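Colleague: The lines below spell out each chain.
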Amino acid sequence: MENNTEIVEEKKEYITHKPLAYGKKLYIGEFLAENIIRLTAFISIFTIFAIFYYVFQEASFAFLPIKDKNVKTEIISTNNNSTETTKQTGAEMQQETYGSSTSSTSEPVQEKYGSSPSQNEELKQEKYGSSTSTDELVQEKYGSTSSSNKTEEIKSETYGSKNSSTEEVKPETYGTKRSSTSDEVKPETYGSNTSTPNEEVKPETYGSATSSNQDINQNNISTTETNTEVTETATSLEDGYAEKPITFKDVLLSNDYIDSKPAYIWQPISTNAKFSFIPLFVGALKVTLIGIAIAAPLAIFAAIFTVAFAPKWLKEIIKPAIEILAGFPSVVIGFFCLITLASVIQTFFGTTFRLNSFVGGIGMSMAVIPIIYTVTEDALNAVPTYMKEASLALGASKWQTAWRVILPSALPGVFAALILGFGRAFGETMIALMATGNAALNSANIFESVRTLAATIGSEMAEVEFRGVHYGVLFLIGAVLFIITFALNAFAEFYIRKKLMKKIQGN
Amino acid sequence: MKKTKIKTDKLNLFYGAKQALIDISMEIPEKRVTAFIGPSGCGKSTFLRSLNRMNDLIPGVKINGDVIIDDINIYDKNIDVVQLRKRIGMVFQKSNPFPKSIYDNIAYGPRVNGISGKSTLDEIVETSLIRAAIWDEVKDRLKSSAMGLSGGQQQRLCIARALAVNPDIILMDEPASALDPISTSKIEELIHELKTDYTIVIVTHNMQQAARVSDFTAFFYIGELIEMDKTTTIFTNPYNKKTEEYITGRFG
Amino acid sequence: MNGHVLKNYDQELNKLRYRLVRMGSLVQQQIEMSVSSILNSNIELAKQVMELEEKVDKLDLKIDKQCIRIIALHQPVARDLRLILAALQIDIYFEIIGDYTTEMIDDVARTIFTSEIINKTKIKEMSEHVIKMIGKVLDSFVDENVNLALDILKIEEIVNILFKDNFNNLLSLMKADSSNIDSYAILLDVNRLLDLISKSAKTIAQELIYIYEPSISKHNDIEDLSIHDIFAEKTNE
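Sequence order for the protein chains is A, B and C. First residue of the first sequence? That's 1 in our numbering, and the numbers climb one at a time after it. First residue of the second sequence? That's 1 in our numbering, and the numbers climb one at a time after it. First residue of the third sequence? That's 1 in our numbering, and the numbers climb one at a time after it.
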C-alpha cells in the first residue's frame with residue numbers, strides 16, 4: 001500500500017482538466033466540417049430532385065404545348081428577311097443548317113426546324129433537313145436531294161433515302177423505303193420520305209414530311225403552305241395547323257393499323273405524328289437483354305475465375321485489363337461495332353440488316369462487362385475466407401466451393417451488378433445510336449434494326465422545336481428511363497433482397 | 001493404450017523464408033482429445049491446419065517432413081486433398097455457417113460428396129444434429145437461415161456440419177473462443193461426448209479449457225513442440241520449465 | 001523463476017508466503033518459550049506462549065481464507081497449485097505444533113526442575129534440534145530450497161534417536177529415583193511432545209519437497225511411476 005501512494009505522488013499531470021461545469025464549447029472546425037458534409041449531401045439530393053423536376057416539367061409540353069406567338073413570329077420574321085435577301089442574290093434558295101426552305105414562287109417560307117414544301121411538290125425531309133425547290137435541285141450537306149418533279153428520280157445519300165415516284169424503290173442498307181405515287185407507302189426505317197399525292201400518307205419513321213394538294217396537315221415541324229399565302233408557323237389551329245397534344249393513350253396504345261392489325265408506330269415528324277413508345281421500348285429492351293445475356297455470363301464467370309481459381313499473377317493482369325475496358329469511351333465501342341463488327345456479323349449470319357439489335361447488343365455487352373465484372377468481383381472477394389475454408393474443409397472441390405458457397409453468398413452483390421449493368425445498357429446512347437440501325441421496328445427478330453429510347457433522345461433532341469410536342473415527348477422518354485431505373489431498383493430491393501434471397505439463403 | 005491415429009515426423013513449415021514449424025514430431029492417439037496450447041504465433045494453429053492440408057491454400061507455404069494418418073503420408077504426391085479433407089472435419093474459431101438454411105448447411109457436406117436422396121439427406125441431417133446436441137433447439141426451424149442462430153448454436157451447427165461427412169478426425173481451431181461461458185460449456189460437453197467415436201484435436205488459448213476437455217496436451221513455443229504429455233501431468237507437474245512458466249501465467 | 005504476468009497474482013501469493021512464514025516464526029518462538037518455561041517453571045513465559053497461541057490461531061484462519069481466495073480468483077495450476085495445497089497442509093501442521101506447545105506448559109506450575117535432573121536427560125539438545133527444524137522449514141520455504149527440506153528429514157532421524165534415548169533414560173531414572181518421579185513423568189511428556197513436533201516438521205518438510213521437486217515422493221514405499229514414462233512406453237509400442 002505504501003508503494004502505491006508513492007506511485008500516485010510521482011504521477012505527473014501532463015494534461016490538466018478544468019473543473020467540471022455546465023456549458024458547451026463550440027468546436028468550430030468540427031462544426032464546419034459536419035455542416036459542409038451535410039450541405040453536400042443535401043445538394044446532391046436536391047440536384048437529383050431538380051433534374052427530376054426539370055425532366056417531368058419539360059415532358060409536360062407533350063401534353064400542353066406552349067404556343068408563344070411573339071417568340072416565333074420574331075424568329076420567322078428574321079428568317080424571312082434573310083431568305084429574302086438570299087432570294088434577291090440568287091435564284092437558288094439557300095439552305096439553313098437545321099432547316100430547309102422551300103419556295104415555289106418568290107415567297108420563301110421559313111420554319112424553325114422543319115421544311116416547307118410547296119404546293120404540288122413533294123417534300124423530302126432528311127435527318128438534317130432538306131430543301132426542295134420547284135425547278136432546282138438543291139444539294140444539302142447531309143441531306144438528300146429531291147426534285148420537285150415527280151418524274152425525276154430522287155437521289156439519296158448515305159443516310160438518306162432514294163425515292164422516286166415513278167420507279168420502284170429498292171431497299172438499301174440503312175433502311176427500306178418504298179414510295180410510289182399510287183401505292184400505299186409503308187413505314188420506312190430511316191431517313192426516308194415519301195410523297196403520295198392524293199393519298200393518305202403512311203407514317204414514316206423519322207424526318208419525313210408529306211404534302212399533298214388536297215389535305216394539308218401541319219404540325220410544329222413540318223408545314224405546308226400554299227403559294228398564295230404565307231402562314232406563320234406554329235400559330236393557329238384555325239389555319240389547319242394542328243399541334244396536337246398527346247395523351248398517354250397515344251404513347252402506349254396502338255396508333256395505326258398495318259394489314260388490319262394494330263401497329264405501334266414511332267413517327268414524330270409527320271403530318272400525322274405518331275408517338276408510340278412501344279417500338280422504342282422493345283428496341284431498348286432487345287438491345288439491353290442481348291447485351292446482358294452476353295455480358296452477364298462472361299463477366300460473372302470471369303469474376304469467379306479471378307476470385308476462386310486464378311493464380312495471383314494472372315489476377316493482376318485480368319483485373320486491370322477489364323477495368324481498362326470500362327474506361328473505353330462508348331463512342332469508340334460504337335465506332336468499332338459500326339465499322340468492323342457489323343460487317344463481320346453480316347458475313348457470318350447473313351443478316352438482311354447490317355446494323356441490327358444483335359450488333360448493338362454485342363457493343364452494349366462490351367460496355368457492360370467491366371461494370372458487372374468489377375462489382376461482382378468485389379462482391380465475391382468480400383465473401384469471408386472462413387466461408388471458403390469451411391467448404392474446402394468439408395471436402396468440397398474448388399469448383400463446388402465457388403459454385404455452391406462463394407456465388408450464393410455474394411448473390412446480393414451479383415444482382416446489384418446485373419442491375420447496374422442493366423441500367424447502364426438501358427441508358428446507353430452512343431453505342432445504340434451507332435450500331436443498332438435506328439429503325440423503330442416493332443419486331444422480335446434480333447437481326448432487325450432497332451431504335452432505343454436513349455438513342456431517340458440523342459438523335460432527335462437537336463432537331464425539335466423548343467417546347468413543342470415532340471420536344472415534350474423526348475423529355476417524356478427521359479422520364480420513362482428514370483421510371484424504369486427506379487422500378488428496376490425497387491424490384492431488386494423488394495423482390496430479390498427480400499424474397500429471392502430468403503429462398504436461397506433460408507428465412 | 002490407444003493406438004496412434006496421426007503421427008508427424010520432423011515436420012517443418014515455412015511461410016516464405018520464415019520458418020513457422022520446426023521439427024515437430026508428435027503422435028496423436030486415436031479416440032482421444034488432444035489439446036494444443038501455447039502463446040499466440042507459436043505455430044499451433046498452423047500445425048493443426050497442416051494436418052488436413054489447409055495450409056496449401058496459403059500461397060508461399062513450403063512443407064517438408066511427414067504427416068502420417070493411418071499409415072498413409074498425406075503429403076505424398078498421390079494423395080487427393082479433397083478426399084483427405086472429407087475424412088478430417090474442421091471447426092473454426094469463428095462460427096462460419098453458410099448463408100443458407102440450417103438444413104442446407106448440414107446437407108452441404110453430403111451433397112458435395114454426391115448424396116442427393118432426400119430421405120438419406122434427412123437422416124444424415126437429423127443424426128448429425130442430434131450428435132451435435134442441437135437437434136432439440138433447431139428441429140422446428142430447419143428451413144430457416146443458419147445466420148439467425150446464436151453464436152453458440154452456430155458453432156454447434158458447424159460441428160454438426162463437420163460430423164455430417166462422417167470423418168474420423170475432427171480438428172477444432174479455438175472453437176469456443178468467441179462464446180459465452182454457458183455456450184463454451186456446451187461445446188466442451190459435446191467434445192467429451194464425441195471423443196468416444198472421433199479423434200479430436202483442439203487448439204485453444206484457454207488453458208482451463210484444455211485442462212477440462214483434453215486427455216493429452218501439447219505445448220508449443222515459437223514453432224517448436226516443447227512438451228506433450230497427459231493433461232493431468234501438464235497441469236500439475238509439467239516436465240519442462242517453459243511449460244510450467246506458461247501454464248502458471250509467468251510469461252505470455 | 002519469473003514473476004507472473006499478472007502482478008496482483010504475485011502479490012496474493014506473496015501475502016500467503018508472508019503469513020506462513022510469520023506463523024512459522026511464531027510457532028518457533030512458542031516451542032522455544034514453552035520448553036524454557038517448563039524447564040525453568042516460568043509462569044510468565046507460559047502466559048506469553050498462550051498469547052502467541054491466539055495469534056497463531058488467527059493466522060491459521062487467515063491463511064485458509066487466503067488459499068481459498070487464490071484458488072477462486074486465479075485458478076492456480078502446477079507450481080502455484082502445489083504451493084496452495086502445501087500451504088493448506090503446512091498451516092494445519094503449524095497449528096498442531098502450536099497446540100503441542102500449549103499442552104507442554106500445562107504442568108508448568110506442578111514442579112520445579114533442578115538443573116541436575118535436566119542435565120541427566122537430553123531434552124535441551126532435543127529441543128534445540130526441533131527449533132532448528134522449524135527454522136529450516138521457514139528458510140526452505142522462503143528460499144524455495146529443497147536441500148534445506150531434505151536436511152530436516154535428516155535432523156528428524158537424529159531427533160528420533162534422541163527421543164528413544166531420552167525415553168529409555170527417563171524410564172531407568174524413574175525406576176532408580178522414585179522421589180522425583182513426578183518430574184521425570186513430566187519430562188517424559190515433554191520428550192514425547194518434542195518428538196511429535198519434530199514429526200510434524202518432517203511432514204511439513206515433505207510438503208515443501210512436494211512443492212519444489214514433485215518427482216520426489218512423500219511416501220517412498222509406494223513406487224511412483226513417472227507419467228512421462230507411461231507415455232513413452234505407449235509410443236514405443
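Worth double-checking, as some hints may not be accurate.
[Stated by the list, open to error] Here are a few chain B residues that face chain C, going by a calculated C-beta distance under 8 Å:
1. 14
2. 103
3. 121
4. 208
5. 212
6. 237
7. 244
8. 245
9. 248
Derived by calculation from the structure, the hints in this document are not laboratory data. The structure presented is a predicted model; accordingly, all values stated were derived computationally and were not measured. Idealized CB from N, CA, C, for every residue including glycine.
Colleague: For each hint given before, does the structure comply? Return the numbers of the non-compliant ones in rising order.
Modeller: Violated hints (numbers, rising): 1, 2, 3 and 5; every other hint is consistent with the structure.
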